[in-house]
Amino acid sequence: MSEGLQGEAIEPLILKKKIKIPAGAHGGAWKVAYADFVTAMMAFFLLLWLLNATTEEQMTGLSDYFAPPSAAEDSQGIGQALSGAVASLEGAMRSASSPPVTSVAIPSYGSEESGKETGEEREDPAEANVNVGDATAEQQEQEMLDDALAKLKQSIEDDPTVRDLQDSIIYEVTDEGLMIQLLDYQRREMFEPGTDQMTRRAVRLLALISGIIVQLPNDVAITGHTDSAAQPGATAEYGNWELSGDRAAASRKWMERNGFPTGRLIRVEGKADSDLLDPRDPENERNRRISILLLRQNPPAKETTVFVPGVDDVPGGAAGSAPARDTTGLAPPPLPEN
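If you count by my numbering, then the sequence shown holds residues 8 to 345, one letter each, in order.
Among the clues, some could well be false.
What the hints assert, rightly or not - Listed next, the in silico SDA-like pairs over lysine to any residue satisfying Cα-Cα at most 20 Å (straight line): (1) 158 with 223; (2) 278 with 223; (3) 158 with 24; (4) 160 with 143; (5) 160 with 300.
Claimed, not checked - Computed Cβ-Cβ distance ranges for the label pairs, DEER-style: (6) 164 with 222: 14 to 22 Å; (7) 167 with 46: 53 to 61 Å; (8) 200 with 222: 18 to 26 Å; (9) 67 with 164: 31 to 39 Å; (10) 161 with 206: 49 to 57 Å; (11) 45 with 149: 19 to 27 Å; (12) 302 with 46: 24 to 32 Å; (13) 284 with 66: 45 to 53 Å; (14) 179 with 52: 49 to 57 Å; (15) 66 with 307: 38 to 46 Å.
Simulated from the structure, these hints should not be mistaken for laboratory data.
Small disclaimer: the values here were computed from a predicted structure and weren't measured.
Positions of the beta carbon are idealized from the N, C-alpha and C atoms, including for glycine.
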């Protein structure tokens with residue numbers, strides 16, 4: 008150790024140099040895994056919320072929608088390997104000792120050959136399914152109309168402003184649909200005498216009716232009626248026909264103002280006194296009414312008889328008394344020559 012000028016020991020200087028080595032970059036794989044985890048948890052809680060908010064009917068409908076069609080609904084494989092006929096064995100290699108082979112055609116269900124030997128007629132399953140589907144649609148629509156009728160009666164009964172007008176309303180479920188008639192009764196009138204101006208309570212009734220039937224998909228027809236008496240202020244140019252038509256149009260306008268779609272009001276007409284509610288008393292005030300018909304989308308089928316002149320005439324019998332016959336393929340009668 009060296010000594011200074013005064014004989015003191017001098018400590019050596021030690022220089023330390025730190026060398027920084029950059030660390031390796033961190034990987035981001037954990038972010039991908041975390042994102043997948045968060046997404047899965049979000050989907051899981053979304054599924055729990057949907058299960059809690061969905062009714063049993065909605066879940067059943069979703070299940071039926073995504074269910075694959077059953078084997079019974081598929082085609083019968085006509086013309087294919089499963090058409091019901093034995094494949095032809097002509098040209099097949101047979102030994103000399105093999106017995107002769109006879110091809111036998113097995114008629115499939117619904118073919119012309121089926122049922123000939125037994126003499127029985129079988130119903131086409133496709134037609135049976137259509138009939139069952141139509142019956143189900145008619146039943147569902149009938150239940151919808153009955154439910155709408157019950158709601159309408161309850162809403163009118165709960166409204167104090169029109170509660171006493173229940174005797175002025177006639178409800179009827181017909182083959183055409185749900186008929187609601189608003190009529191004058193015991194001086195409780197739906198329109199001002201001789202005009203198409205609706206009373207306040209009649210407007211309230213239309214609002215209640217519109218609010219119920221707008222929930223159904225059915226179309227609506229509106230018809231105006233009058234009695235046989237001459238209305239106040241009637242003239243030769245403006246009588247019961249014009250008045251009944253204007254009242255039907257006024258009812259249409261009030262229903263539209265209450266939110267009923269214009270496109271579903273398919274018929275607005277006036278019939279004057281041609282369709283009286285009380286034919287025995289043509290001047291009865293109950294004949295003055297507005298008819299609102301909620302038309303069925305699946306009306307019941309009706310049997311009709313077609314009369315073709317020159318084909319269904321029966322000598323010695325009344326016209327049209329012949330039984331109905333199949334007129335498919337018959338040509339129309341020739342036009343008379345000039």
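field: Violating hint indices (sorted, rising)
entry: As far as the earlier hints go, 2, 3, 4, 8, 10, 11, 12, 15 are violated by this structure, in ascending order.
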